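S.K.: Here is how the chains run, residue by residue.
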Amino acid sequence: MLLTDLIRHAVGATGTHVGCEHGVCGACTVQIDGEPVRACLTLAAQAEKLDIRTVEGLEPRPGELSPLQAAFREHFALQCGFCTAGILMSLDALFARKPKASEREIREQLSGHLCRCTGYAPIVKAALAAQAHVREEKTTDA
Amino acid sequence: MKPAPFDYVRAETLDEALGALAEGGEEARIIAGGQSLVPMLNMRLARPSVLVDVMRIDALSKIEPKNGRVEIGAGVRQVALERWAALAGTLPLVAAMMPWVGHAQTRSRGTVCGSLAHADPSAELPLALLALDGEVKLRSKRAKRTLPANEFFLGMMATAVAPGEMIEAIVLPAHPMGTGTAFREVARRHGDYAIVACAAIARPGGATRLAIGGVADVPQAVALPDPSDPDFDDQLNEFAWSLNARDDLHASARYRRDLVRTLGRRTVEEAVACRS
Ligand code: FES
Ligand code: FES
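Heads up: the protein sequence lines correspond to chains A and B, in order. In terms of our numbering, the first sequence opens at residue 1 and continues consecutively. In terms of our numbering, the second sequence opens at residue 1 and continues consecutively.
Treat the hints as calculated values from the structure; they're not laboratory data. There may be inaccurate statements among the hints.
Said to hold, decoys possible - List time: in silico DSSO-like cross-link candidates among lysine-lysine, alpha-carbon distance up to 27 Å:
(1) A/Lys-49 / B/Lys-62
(2) A/Lys-49 / B/Lys-2
(3) A/Lys-100 / A/Lys-138
(4) B/Lys-141 / B/Lys-66
(5) B/Lys-66 / B/Lys-144
(6) A/Lys-98 / A/Lys-49
(7) B/Lys-144 / B/Lys-62
(8) B/Lys-137 / B/Lys-66
(9) B/Lys-62 / A/Lys-98
Stated by the list, open to error - Restraint ranges, calculated between C-beta atoms of paired labels, are given here:
(10) A/Arg-107 / B/Ser-49: 36 to 44 Å
(11) A/Glu-105 / B/Ala-223: 34 to 42 Å
(12) A/Glu-74 / B/Met-156: 46 to 54 Å
(13) B/Asp-247 / A/Gly-119: 27 to 35 Å
(14) A/Lys-49 / B/Met-156: 35 to 43 Å
(15) B/Ala-88 / A/Lys-49: 27 to 35 Å
(16) A/Asp-33 / B/Ala-158: 27 to 35 Å
(17) A/Arg-107 / B/Asp-7: 40 to 48 Å
(18) B/Pro-163 / A/Glu-103: 44 to 52 Å
(19) A/Lys-98 / B/Pro-204: 34 to 42 Å
(20) B/Leu-154 / A/Arg-53: 38 to 46 Å
(21) A/Lys-49 / B/Ala-187: 32 to 40 Å
(22) B/Pro-173 / A/Gly-34: 42 to 50 Å
(23) A/Ala-96 / B/Ala-187: 26 to 34 Å
Treat the numbers as computed from the prediction; the structure is a model and nothing was measured. Glycine included, every Cβ here is placed at the ideal spot set by N, Cα and C.
Start from the sequences, fold in the hints, and give me the full structure.
M.R.: As structure tokens, then:
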């Protein structure tokens, strides 16, 4: 069984999407132990006992959007939303490791995802805005 | 797009993995990171009846530098090599190539040895193994053998790995001090398979070597004179023709030869420029 089928059909968490099912589109991206991975290229059995995080895990409190998700809404970084969950999980993993990732690094991370609607520019804008927002929050908190 | 049914064996030790492989014979396949194998399973281009998972075998997940060589075990993920602190100092060519291997989202699971076992002619890691004259350590229940890169790759997606055998590790020679290296690639989009990939090594003594991926069925290398030598372009042109480039969906044979000539020259020049 593929990890995508475990997540969607056995667990019933349908936020993770499945596009190509052979590793090309990135729609199925989730995090395993904090790293972004293609769930359609992972056997469920290989993920046993590992920490798996899906887009459902991004909201800080039920019904509330994370800063990255809010920035996507704000900047029209999605239209149909099919690619969005995967992109969010990839960017979230990037920012966790590199909070100051450059625009080039953001674009490189996005190269692992296909979006047929947005043309990517609003996605890059949203990613940069979310980064700035998180930085600001940190300084006001301190 | 679902795999045909298979049995899954998670090996905890190398002996267990080799035992399961011996038992399964031609029907058994090793699964490591799965980034090349699972697409083949999903499309049913591969239908092994047993998959032997080697990712939980601690002994295989080591990157070990010793005596001017770096040994990379079958369980080492590409991301682990990419983030290995000594990579840029020990294997600068590999360090330059890593960002081009698939995408961040596949390097996180895919292994170095898995990409070699898959032997896609346009993939970067097979090119690295050949450019560096590395070796592959193979092991079965009964025997061990070590093959140089040029005997390991037999053709497009074909290697010398026999039924019952697995890659235990690869060994890459570290560069002597002062060696210059460079890597360049042309692909439709960053992270796509290379249309042409060039890896060049300029030894402190003056010898240069250029290896090309994406053109012939297996990566190929050639020794070249210094780029300032009047014979350089002729020799590079001969090499470009010897690769028997083919037309395909992504590029014409002519375009590939042109890339070998222009990008190949630039890559060698860059390697020579950073030699000291
Ligand atoms: S569904 Fe996994 S990469 Fe397309
Ligand atoms: S928003 Fe439709 S595919 Fe990206």
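S.K.: It remains to establish, for every hint, whether it holds in the given structure.
M.R.: Structure-based check of all given hints:
1. Restraint check: the Cα-Cα separation between A/Lys-49 and B/Lys-62 comes to about 21 Å, which is no more than 27 Å; the hinted pair holds.
2. Of the pairs offered as hints, the one joining A/Lys-49 and B/Lys-2 holds, with about 23 Å between alpha carbons and a cut-off of 27 Å not exceeded.
3. Straight-line distance between C-alpha atoms of A/Lys-100 and A/Lys-138 comes to about 13 Å, which keeps the hinted pair within the 27 Å bound.
4. A threshold of 27 Å between alpha carbons decides the hint, and for B/Lys-141 with B/Lys-66 the separation of about 26 Å falls inside it, so the pair holds.
5. Restraint check for B/Lys-66 and B/Lys-144: the C-alpha separation of about 20 Å stays at or below 27 Å, so the hint holds.
6. For the suggested pair A/Lys-98 and A/Lys-49, the alpha carbons sit about 26 Å apart, so the restraint of at most 27 Å is met.
7. With a CA separation close to 19 Å, the supplied pair B/Lys-144 and B/Lys-62 stays within the 27 Å bound.
8. With a C-alpha separation of about 16 Å, the suggested pair B/Lys-137 and B/Lys-66 falls inside the 27 Å cut-off, and the hint holds.
9. For the suggested pair B/Lys-62 and A/Lys-98, the alpha carbons sit about 25 Å apart, so the restraint of at most 27 Å is met.
10. The hinted range of 36 to 44 Å is satisfied by A/Arg-107 and B/Ser-49, whose Cβ atoms lie roughly 42 Å apart.
11. The hinted window of 34 to 42 Å between A/Glu-105 and B/Ala-223 holds, with their beta carbons roughly 37 Å apart.
12. At roughly 48 Å, the beta-carbon separation of A/Glu-74 and B/Met-156 lies within the given 46 to 54 Å, and the hint holds.
13. Take B/Asp-247 and A/Gly-119: their Cβ atoms lie about 31 Å apart, and the range 27 to 35 Å holds.
14. Roughly 37 Å separates the CB atoms of A/Lys-49 and B/Met-156, a value that falls within the hinted 35 to 43 Å.
15. Taking the beta carbon of each, B/Ala-88 and A/Lys-49 are about 33 Å apart, inside 27 to 35 Å as hinted.
16. With their beta carbons about 34 Å apart, A/Asp-33 and B/Ala-158 fall inside the hinted range of 27 to 35 Å.
17. At about 42 Å, the CB distance of A/Arg-107 to B/Asp-7 agrees with the hint of 40 to 48 Å.
18. The hint said 44 to 52 Å for the Cβ distance between B/Pro-163 and A/Glu-103, and at roughly 49 Å that hint holds.
19. At about 35 Å, the beta-carbon gap between A/Lys-98 and B/Pro-204 stays in the expected band of 34 to 42 Å.
20. Take B/Leu-154 and A/Arg-53: their Cβ atoms lie about 41 Å apart, and the range 38 to 46 Å holds.
21. Against the hinted window of 32 to 40 Å, the Cβ-Cβ separation of A/Lys-49 and B/Ala-187 comes to about 36 Å, which satisfies the hint.
22. The supplied range of 42 to 50 Å is broken by B/Pro-173 and A/Gly-34, whose beta-carbon atoms lie about 33 Å from each other.
23. Checked against the hint of 26 to 34 Å, the pair A/Ala-96 and B/Ala-187 passes, with Cβ atoms roughly 28 Å apart.
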